[in-house]
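Engineer: Chains B, C and D: place on chain A using the hints.
Chains A, B, C and D supply the protein sequences, listed in that same order. The first sequence maps to residues -7 to 403 in the numbering used here. The second sequence maps to residues -7 to 403 in the numbering used here. The third sequence maps to residues -7 to 403 in the numbering used here. The fourth sequence maps to residues -7 to 403 in the numbering used here.
Careful, some of the hints might be misleading.
One copy or two, it doesn't matter: identical chains are merged, so the pair holds either way.
Once the Cα atoms are required to be at most 30 Å apart in a straight line, the calculated DSBU-like pairs of lysine-lysine come out as [to be verified]:
(1) Lys215 <-> Lys249
(2) Lys273 <-> Lys379
(3) Lys87 <-> Lys270
(4) Lys27 <-> Lys249
(5) Lys87 <-> Lys30
(6) Lys123 <-> Lys394
(7) Lys123 <-> Lys133
(8) Lys249 <-> Lys270
(9) Lys249 <-> Lys273
(10) Lys270 <-> Lys379
(11) Lys215 <-> Lys273
(12) Lys270 <-> Lys151
(13) Lys151 <-> Lys394
(14) Lys270 <-> Lys394
(15) Lys379 <-> Lys249
(16) Lys123 <-> Lys273
(17) Lys133 <-> Lys101
(18) Lys30 <-> Lys273
(19) Lys101 <-> Lys270
Don't read these hints as lab results, they were simulated from the structure.
There are 4 protein chains.
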Amino acid sequence: MVDDTLLESGNQKIEWARNHMPVLSIIRDGFASEKPLKGCRIAMALHVEAKTAVLVETLASGGAEIAITGCNPLSTQDDVAAALDTRDNVSCYAKYNASRSEYYESINKVLDINPDITVDDGGDLIFTLHKTRQELLSGIKGGTEETTTGVYRLDSMSKDNALKMPVIAVNNAFTKYLFDNRYGTGQSTWDAINRTTNLLVAGKDVVVAGYGWCGRGCSMRAKGLGANVIVTEVNPVRALEARMDGYRVMTMDEAAKIGEIFITTTGNVSVLTRDHFKLMKDGVILANSGHFNVEMNLEELESMSKTVRTVRENIKEYHLGDRRIYLLADGRLVNLAAGDGHPAEVMDMSFSNQALCIRHLVDNDLDIDVHAVPPEIDTYIAELKLKALGIEIDELTTEQEKYMREWEHGT
Amino acid sequence: MVDDTLLESGNQKIEWARNHMPVLSIIRDGFASEKPLKGCRIAMALHVEAKTAVLVETLASGGAEIAITGCNPLSTQDDVAAALDTRDNVSCYAKYNASRSEYYESINKVLDINPDITVDDGGDLIFTLHKTRQELLSGIKGGTEETTTGVYRLDSMSKDNALKMPVIAVNNAFTKYLFDNRYGTGQSTWDAINRTTNLLVAGKDVVVAGYGWCGRGCSMRAKGLGANVIVTEVNPVRALEARMDGYRVMTMDEAAKIGEIFITTTGNVSVLTRDHFKLMKDGVILANSGHFNVEMNLEELESMSKTVRTVRENIKEYHLGDRRIYLLADGRLVNLAAGDGHPAEVMDMSFSNQALCIRHLVDNDLDIDVHAVPPEIDTYIAELKLKALGIEIDELTTEQEKYMREWEHGT
Amino acid sequence: MVDDTLLESGNQKIEWARNHMPVLSIIRDGFASEKPLKGCRIAMALHVEAKTAVLVETLASGGAEIAITGCNPLSTQDDVAAALDTRDNVSCYAKYNASRSEYYESINKVLDINPDITVDDGGDLIFTLHKTRQELLSGIKGGTEETTTGVYRLDSMSKDNALKMPVIAVNNAFTKYLFDNRYGTGQSTWDAINRTTNLLVAGKDVVVAGYGWCGRGCSMRAKGLGANVIVTEVNPVRALEARMDGYRVMTMDEAAKIGEIFITTTGNVSVLTRDHFKLMKDGVILANSGHFNVEMNLEELESMSKTVRTVRENIKEYHLGDRRIYLLADGRLVNLAAGDGHPAEVMDMSFSNQALCIRHLVDNDLDIDVHAVPPEIDTYIAELKLKALGIEIDELTTEQEKYMREWEHGT
Amino acid sequence: MVDDTLLESGNQKIEWARNHMPVLSIIRDGFASEKPLKGCRIAMALHVEAKTAVLVETLASGGAEIAITGCNPLSTQDDVAAALDTRDNVSCYAKYNASRSEYYESINKVLDINPDITVDDGGDLIFTLHKTRQELLSGIKGGTEETTTGVYRLDSMSKDNALKMPVIAVNNAFTKYLFDNRYGTGQSTWDAINRTTNLLVAGKDVVVAGYGWCGRGCSMRAKGLGANVIVTEVNPVRALEARMDGYRVMTMDEAAKIGEIFITTTGNVSVLTRDHFKLMKDGVILANSGHFNVEMNLEELESMSKTVRTVRENIKEYHLGDRRIYLLADGRLVNLAAGDGHPAEVMDMSFSNQALCIRHLVDNDLDIDVHAVPPEIDTYIAELKLKALGIEIDELTTEQEKYMREWEHGT
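The shape of chain A in the complex, shown without the other chains (with noise of 0.2 Å):
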């Protein structure tokens, strides 16, 4: 039986969530009317918590049979998920805090729903399909995948011609990889931070590494905060970009000695080793808002503690005997495991692009490919937001789009 005030509490922040999603509100209206995905069912293993909670009530409401787990062991909020699971047409399978295996039996759960649709945060479901449940893969139409990090993995899959399915790469979108990453988790980092550590941002040393969208909201709102930022980076041209962003650009060797808080946002594993952890000072905080816990190496930081041990919520504590170095959420994305992860009206567009790619998924036939989301789909988004945020923008005039074609005119 399910407790009533958790019921209450998830219930409430899903309310606040599509209160504050207008451009899925509007999606979801037009879903309820048309019904387009009547009949269609949905795997989905994304971060229960409200906002897509919103995106699985919607989906509900264009008609689709909806199985639904979570994408990281930490991300689920436990009262969002108990108020999803009472919807009509949904199971919720998500615990938050699930062990690898309970996250697996999971995903399982979700799968033996036969989906025709598969949505994925990170690669995990789809990854399960194609490794243990090959059978499905023929009653499949088509996936999603929402972060940088899952279409990396599904690019490498294809690659190796290990695809068996038409994918769409949601999180490529305009609307959804220039906000969500950017100006998404940019906010829903530091506020996590900052309610975990309640310490000063401002005069500190923030080291962030890797200058991808993520990074570049992490440096942007760091600075926005009075911290002085460094930038670490694989990529050249991105390294340089960092430094006339007004950042310091060094190898995190150098880096590791100066740094005060450390994010990492790269997609990539062992961004801090032992090698960096030895160099780092007294009471530095790690965090990591990429999608895997792999950024930091956390065996290592582990093997060379004397004493590990929580000393407030969501912040371990690493005693290396002489210096502390203390872990947030366990390393895992620090915006969702120790937050509410991204805004609201960020979310809206991320979701409004899941929504409208499901739908386009049912109304076409992909090849077996990763695709980009159509650009309809990505200016339509556009244009309701901006409509939802009351602002008003110019159109070409007819001597304008003339102009564009034309090449004759010149000095």
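Structural biologist: Chains B, C and D alone, transformed into the frame defined by chain A:
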């Protein structure tokens, strides 16, 4: 009997804060060996959360006996209060969500210690002392006041010849107001708003009422989060500064129509009234970072509302029929009532001023008046803080000192 | 006979630029020893100022014979042109304030070199070549194009099957447009506006038309100077980005009523027209940073004016009877016509791309089409630039490269 | 005979400035009708450029007779000086690049007017008056001082009992130093550096010596241009502020090794010395924005140099054998010596303070001392400026005024 979980949580928070208040640590070490407050009874009304607990520990280690309660009904953290109450020579009477009568009952209990020294944040303790406990005044060596609002109140008392004891305006130390009021309020206000609402700040029209140090902090961090800031002011010089800092400046009558998030930081009453609520857009967020909950006229807001309900933790929805207004933390100072208050490193300086000013009161006989923090205390704290941050700065050379004294050099 | 003072000034400027273009210096050293352009005739139409002169020297040192003229009537610096003309194997036909017929006469003189390679900034050279000097086309190995506007023009030619030679879109290199168009245009536009007007930017409402890379640069620096920025756009995604970057976004019809300084960066025609001039406040400043002087409809402005007069160097006052509109640099690209153009260190990257792409054209037979800059050139320049800045960055470890290729790892 | 071109250029500049100084215009209108300075002789030593000319016109229109010269050998603009000298009741003795003896000769000529009022910027006039022209002191009603350095000098004179006349410290008005010293110096310093060097600021390490109001302005704008700013200070509180504003703070010994552009704003002597020049990188740029050219020890720099030559207008190269140091504008205040000084709108406020303080001196008999600007003048100017900007602000309601006076309200 006290709940062990509560105690553990409280003690964890206090330890975390203590580890991030290096200047106060140095002072505590000195106090512990010199016992400058031996036999001194201190009555305190402060926000009872972790950083305050570290101040209390510091005073206790100096030999003082302490009775403490809250200075705001919603800013007490019960776990910290419980932990603090277990300390030797400390009695803590604060509780979260105290009713008005409970609030003043606790103030009176604190006064029952028959204090030598009072410590105020907002002036309720000193006011009660002058109003209903005058018999204690003769025993008082002096008091300190932590915040701008309290200092205003004391200045008014002094002007009316109502003040009957010496008080040091700790708020007015450079190492207090330039940091605590600006960087502290700026960060902690947005920490509280972000964690409470999970809404995007980027692209929002944010109205900050008041361009004092708190207002500057809130504006600066709003800009740093990507907001488009509007400032309202009554002081023309500050209004000009706000404009040249890149913000829009207008009357609240105009701003009320545009704003999406409103933050009051004026220290004054009825900054937002019925006239403004009538003009506001659907879904606006109201937050107060001023000391008292009078900046928004909540009776008027309530009287205009069809329904009032809690829609998320610390968010109350006032439904006006056609529009909804969301109030955070009942209009109490949002950074403490819906967050953990200022970052520890900022309170390190503020409370170091408190500790040293209390010692100063004990060591000296001051006139009945509102006194400035002795400049040598201010400078000493700045120097210790720089040292704690590992920052070395230049010193004037002999040549430079000479040059500054002379006036005969010219073109 | 050339004026010695002119020559000295030109040579000083060129030396200063050369000393601040370290990447191009390395390329020049290589060119000087390898002579990869031996026997190659290059026809160029670029802004003839100091940084361009350094590119010309570089090409000459590679063995090329060069004829160069301007690509805008107001961007030539006569001292630099004079100095450049004295170089071996270089003929310079550019002059400041060339009339339209003089301008195209010079273009034709440059083409008289019977070029192997053309170098364009805006496309006037290549256009003339295709329109009236087709006999030369057979001798052409290829061309390069420096700027967004020129690349658009070439893409349109290509779409119309009018393009008859291979061209490399130098503009589209990361190490070009991300830096030159953004940080370069941003700084140099404001340098020009500030030195020309001596007016305060802080607190002004600045309207930037277009949120491409130039518009971003101009907006970013306006904010950095304390302005309150309004962006106009026709693209909904860019409009959203501008909003979330903290700017106001609206139609030009609205912005025209508010703005105090207007900067056009759209690459399009008639962005400011009679309809907008009618709405503008008294005393507004108009500046263009787009390639051509068509963004403001100057005929309409002139026809509305009672008087037109020069009121300060590079400032023309259009008196509309009740209001005055001030136009900078006749609406020509303000950073070059009223300033010295982009900072040297930015052109270092842009012109290194030019030098290496010219070599690439000489070394390879490309198809008739608009080609991207080869990625290895882009990366090479970024790496050299980092080195010149003394910045070291990380390299992917073997473990990381493996991780990026694999897709089986997951939660 | 005066050159007509010179006159025209000077008059254009003055008209342009006049049109952008609305507050001073209102004061001039009042002066013209009331003639409050009738019969008053005013001796002035100010930077003779366009905004100053508008102040002089204002005083003349109030009935005064004026003699004016420069207050710095390199800040006079000869075209403005020529135009000013043609005005009724105005004699102008300033010239660009005056030798030391010419400079003081002109100061003495100005004093020959037998002044009632002196107007200083830096104190050279008042100093000369006290040192060699004491016979004039008895006729003096009072003086004004424009800048921080001059006020320091006067305070030192006053402490030494050397001051023999009342002086108003115009610099210390809120509407002066908060705007002129910060936004004015910030913008004009970078305008001068950018136009003089044509170098990129983004990504550069910029060292600002001094974090007073000028230093804040220079740091803020450097950050706004994408620089990575290092601040040096001798005051620990200011050093902490700089750090929490996001800048690095260190000793000049450390900063000297890192910086690429150095700006001195301390008002003190020998901030950069041989010890620092030895540590600097090849190619660094030195600029001074303090009043006197003493902040860099130029004799030491010269003595260390193998060669010294001008390499571009206003740039001198000191070649140390292995490294080059570039000095802008001979170390004179760069914004005036290599630019047009502060933006007109900022000087509008500063010079309105001058005009009204001069009137105040004429209307009142002040004690011999350094006086503050009367607060009502300060407020009046702020109010007029807001009006000129079209900005309306709130006024305290009766309820609010009452609340501010009372102290009995509390929690």
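Engineer: Now, for every hint given, state plainly whether the structure supports it.
Structural biologist: Taking the hints in turn, this is what the structure says about them:
1. Lys215 <-> Lys249: both (20 Å within a copy, 24 Å between copies)
2. Lys273 <-> Lys379: For Lys273 and Lys379, only the inter-copy Cα distance (15 Å) is at most 30 Å; the intra-copy one is 49 Å.
3. Lys87 <-> Lys270: Neither, since 36 Å and 44 Å both go past 30 Å.
4. Lys27 <-> Lys249: For Lys27 and Lys249, neither the intra-copy (57 Å) nor the inter-copy (38 Å) Cα distance is at most 30 Å.
5. Lys87 <-> Lys30: Answer is within; shortest intra-copy Cα gap is 28 Å, inter-copy 54 Å.
6. Lys123 <-> Lys394: between (53 Å within a copy, 20 Å between copies)
7. Lys123 <-> Lys133: Answer is within: at 18 Å inside a copy they meet the 30 Å cutoff, but 53 Å across does not.
8. Lys249 <-> Lys270: Both ways: Lys249 and Lys270 sit 9 Å apart in one copy and 27 Å across, limit 30 Å.
9. Lys249 <-> Lys273: both (6 Å within a copy, 23 Å between copies)
10. Lys270 <-> Lys379: Result: close only across copies, 23 Å inter versus 52 Å intra.
11. Lys215 <-> Lys273: both (21 Å within a copy, 27 Å between copies)
12. Lys270 <-> Lys151: Classified as neither; 38 Å inside a copy, 56 Å across copies.
13. Lys151 <-> Lys394: Intra 42 Å, inter 14 Å, cutoff 30 Å: inter-copy only.
14. Lys270 <-> Lys394: Close across copies (25 Å), not inside one copy (62 Å); limit 30 Å.
15. Lys379 <-> Lys249: between (48 Å within a copy, 18 Å between copies)
16. Lys123 <-> Lys273: neither (43 Å within a copy, 52 Å between copies)
17. Lys133 <-> Lys101: Answer is within: at 19 Å inside a copy they meet the 30 Å cutoff, but 63 Å across does not.
18. Lys30 <-> Lys273: neither (57 Å within a copy, 37 Å between copies)
19. Lys101 <-> Lys270: So Lys101 and Lys270 fail the 30 Å test inside a copy (43 Å) and across (51 Å) alike.
Comparing the model with each numbered hint stated earlier shows that hints 3, 4, 12, 16, 18 and 19 do not hold.
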